[in-house]
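Protein chains in written order, with my numbering: chain A, 1 to 417; chain B, 1 to 288; chain C, 1 to 274.
Quick caveat, the hints were computed from the structure, so don't treat them as lab data. A couple of the hints might just be wrong.
[To be verified] If you want the footprint, here are the derived chain A segments under chain C, 3+ residues with CB under 8 Å:
(1) 37 to 51
(2) 59 to 67
(3) 78 to 87
(4) 329 to 343
(5) 370 to 384
[Unchecked claim] Residues from chain A that face chain C, not an exhaustive set, calculated with beta carbons under 7 Å:
(6) D70
(7) S264
(8) G265
(9) N274
Fair warning: this is a prediction, and the values are worked out from it, not measured in the lab. Quick reminder that beta carbons are idealized off the backbone N, C-alpha and C, glycines included.
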Amino acid sequence: MNIRVRIACMTLAVVLVGGLGGAPVAAAPGETISLAFLAGYKEDVLRANIAKFEQASGIHVQIDASPYDDLYKKTLLSLSTSANRYDVLFMDEPWVPALADFLAPLDDITKQMDLADFVPSTVAAGRYRGKLYALPVDPNVQLFIYRKDVFQERGLKVPDTWDDVLHDAQALNDPSKSVAGIVTTAGSDQQTGLYMLLLIWSYGGDVLDKNDRPSAETPEARRGAGEFVQLLKYAPPSVQSYSFADVNKAVQLGKAVMAIQWASGARPMEDKANSTVAGKLGYAVMPKGPAGRDPMRGVWTIGIAAKTSHKDAASKFVQWITGKEFGTAAALYPATSSAIHSPRVSVLQDPKVDAALPYAPALLANLRIARSRTRVPQWPDIQEALRQAAAKISTGAISVPDGLKELDASLGRIMAK
Amino acid sequence: MERYARGGLPWLAPGIAFLLLIDLFPLAYAVVISLYSWWLVRPSDTRLVGLGNYAGLVTDPQLAHDTAVSAVFMAGAVSLELVAGLFLAVVFARRARIFDLVRPVILLPLFITPVVSGTMWRLMFHPDLGIVNYYLRRIGIAGPPWLSDPGLAMVALVLLDAWRTIPFMFLVLHAGIVSQPHEFFEAAMVDGAGSWQTFWHITLPLLRYIMVVAVLIRAMDAFREFDIFYVVTSGGPGTATETIQMLNYRIFGFGRVGLASALSTLTLVLVAAMSLALLRLLGRERTA
Amino acid sequence: MRRSARAAGPALLAAVVLAWTLIPLVWMLSASVKTELQLYLRPPRWLVVPPVWDAYRQVLFQVPFAQYFANSLVVAAGTTAGAMVLGALAAYGFSRFAFRGAATIRFLILMTRMVPRIALVVPYFLMMLRLGLLDTYTGLILAYVSFALPFTIWLMIGFFDEVPRDVEEAAFVDGCSRYRAFRDVVLPLAAPGLVVTGIFAFLLSWNEFLFALILSGVRSKTLPVVIAGFNTDVGPLYNEMSAAAVLVMIPTVILTLVLQRHVVRGLTLGAVKG
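With the hints as constraints, model all of the structure from the sequences given.
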């Protein structure tokens, strides 16, 4: 009997030893809020500036940073199961419709804010079904990037339409010198689906129609995807293995004359230590197709959990991180990999910022006309289906019409779930 | 012996109770969840669908594809590890000094964090900054884009698994060989048997039981491997290296909890079947 | 002549094995002390003089690395303690008592090791949520003890079996209870083996990734998650990733090298004994 008691005690001891290591983070004197954030360079920018907010407000911010692929999973799991782990959430804009049910509407907060300073399309990134659930922090948009020096030398004008791009890409492509006409990704990287969608938009197509029904199988979509496949003929030979970082590397090492790349990739292109073409790049508005000019928007936004018990502190933080002071500090942060830009017109037009970021005017111009991916809660699933279809189409594993047919079928399954 | 027959329970109880609570309870919970259509994005729409999730999974060609990927990885990794491990074990069998020299280094890959070894592999096989392709080019071979080629990405992953676990095979088989009675070998030598014959007719049969155990342990580990896939390819390019575990993670990532749990349950059934086969096989080996 | 040739073969093989094992390690080490541009230089520079410490500076001071390191240590220590206590008790039970179904129970325990962890993530998350243990050391430790327990029990059965029963019998004659005999006689005799078992449990916890990724947060985040964090939306930051990986690797390497003999013994015991 004695043995049993002792064993029970030992077991209890084990559980207690574990229990002792509860909360190692020292409690701050004031209020503490918990923030789900993206790990990596954006985290660095935030951590470098957070002390200013903490000192001014007396609010302590716990930053839980996760890798990109896992941030959505963790955020969704935590919000949906009432785990209440986070008071404030950093979200890529396609996640907003899926998470909107768990977010507090921000219309109260914005009454006290000067929304007019934000580029309007960035505010739209946080809106879903007429309500504002998130505010923009880091606006991202696809840019058209070209080598000013090469274009000048060859007497070429900056292309205005996709056909111009195709024409110039053909003329500038020189495999013998390892210089490609244009660089994007082609293959199974996430970006390929987004580039293809960009072209599909410009030709008047989309993956979902106005009533959110699959619409990948239209003549417009076929023309847009077809144009994308045409462009890839003048891309670097190993483009099928490219990802976001490789597009950047190709530009930085002078291996491509034109590129479509997100603004978040432009920072390292202007870093003299890592880029051979710093200062030689031009940034333009996205070329247009028959249906218009549609640079894709991808704004990082900030929202507040509906169930938070620190609503005031969370609101203060949201106002600070979307504010001018942080926006300017972030835009000027000496990062080499990438940065946080600002959704505020006043920051993007600040001469100091323009001097540090030569692409700031193009960022602003493209943001003003930017288009968002369809706002449906199923978007993460859809983007995965798009990625798989684009991988097959761009590598020639399947024809454009067959690929779009497959995509349409996948979209049907996703929307039916 | 009678003295030992009773009284074992209090010793076992804490451990077994712990496993039941922390391991089996969540498993049972997963089975329950698998009967529901539960999308994290719309928790209020959660409803009982019985075997609906299973029906959806079984008809999804992706599951068949990913099962094949898991099987290829398992077969490729384990056979490479067995052959290499056996080879090393035999060569170093009677050379204690050389063995002592390599042992500390050989142990390292086994214990290095899988996420860390995955990082090494990305650095090694990267088309531009990797050294594999650079040195291949030096000897006149145009290096392929390893991690973005569907077939070669799997090869790279198999090599990584081999890098990590050949040491396990080697050490286990080495211990097995060293523990074999010397008389057998001496008798064989006296009979004039060559080293190849000795290996084939004496070493190998004596090692059979150990080999079966080691291979099965490794096969199970390879089946549930997650970390290196996550770090090195994330299941890509496309879904070329997406195993069942990665598929599960992807489905879970979209918030389709019911569907993911159904896949977990299917996986568990598969593991149970493999375990049973293992039990049978071991029983037979031991009596043989 | 022939003799030296025969010795040269294995020596050469040993060299190949060493190279195969060490090259990936050294290349990562080298990547951690370079700039990004130096990483892309061809031909590859194995050694950059002077080394560039930017990546380490970034890893150590931009994120609360020391906190994550401490988290990893506490969780690993808790896991080791828990698995050792529960494991030793159960293993002693299996080693010293014969009862019906013992073999089956032992086998079932081993089988729990084979369960893919992804299958447990969601239910475990919900369970920890109900218990209020999300993002705590306890939550992670409970999970890791359950992962470590099966092999802990199996290894320890082997080590206890090696302790002769006569020793305990002598203690009983002296009036010791079974528990006293276990604690004062058997445990010290089996200690070397127990140390090995403890190392395995420690490393399991130190290296675990998936549960740490989903369950941990600001208060309990462990190191493997930090490495994965350098895989950003603009691509992997290879230098920082390498530096973080090197830092995470250091304790593992030290433990393995210092205790290598014992580790080999623990590794081979289970399989060889069958």
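Status of the hints after comparison with the structure:
As drawn, the region 37 to 51 of chain A meets chain C at 9 residues by the rule of a beta-carbon pair under 8 Å; at three or more, the given contact holds. Closer than 8 Å: that is the beta-carbon criterion, and the region 59 to 67 of chain A has 6 residues meeting it against chain C, so the requirement of 3 holds. For the region 78 to 87 of chain A, the proposed coverage by chain C is satisfied: 4 residues have a C-beta within less than 8 Å of a C-beta in that chain, meeting the threshold of three. Requiring three or more residues with a Cβ within less than 8 Å of a Cβ of chain C, the coverage given for the region 329 to 343 of chain A holds, as 3 such residues are present.
Here's how the region 370 to 384 of chain A fares: 0 of its residues keep a CB closer than 8 Å to some CB of chain C, so the rule of at least three is not met and the hint is violated. Hint on D70 of chain A holds. Least Cβ distance to chain C is approximately 6 Å, under the 7 Å limit. The beta carbon of S264 of chain A comes within 5 Å of a beta carbon in chain C, closer than 7 Å, and the hint placing it at the interface holds. Because the smallest distance between the Cβ of G265 of chain A and any Cβ of chain C comes to about 6 Å, under 7 Å, the interface hint for this residue holds.
For N274 of chain A, the interface hint holds, the least distance from its beta-carbon to any beta-carbon of chain C being 5 Å, beneath 7 Å.
Consistency note: the structure conflicts with earlier hint 5 alone.
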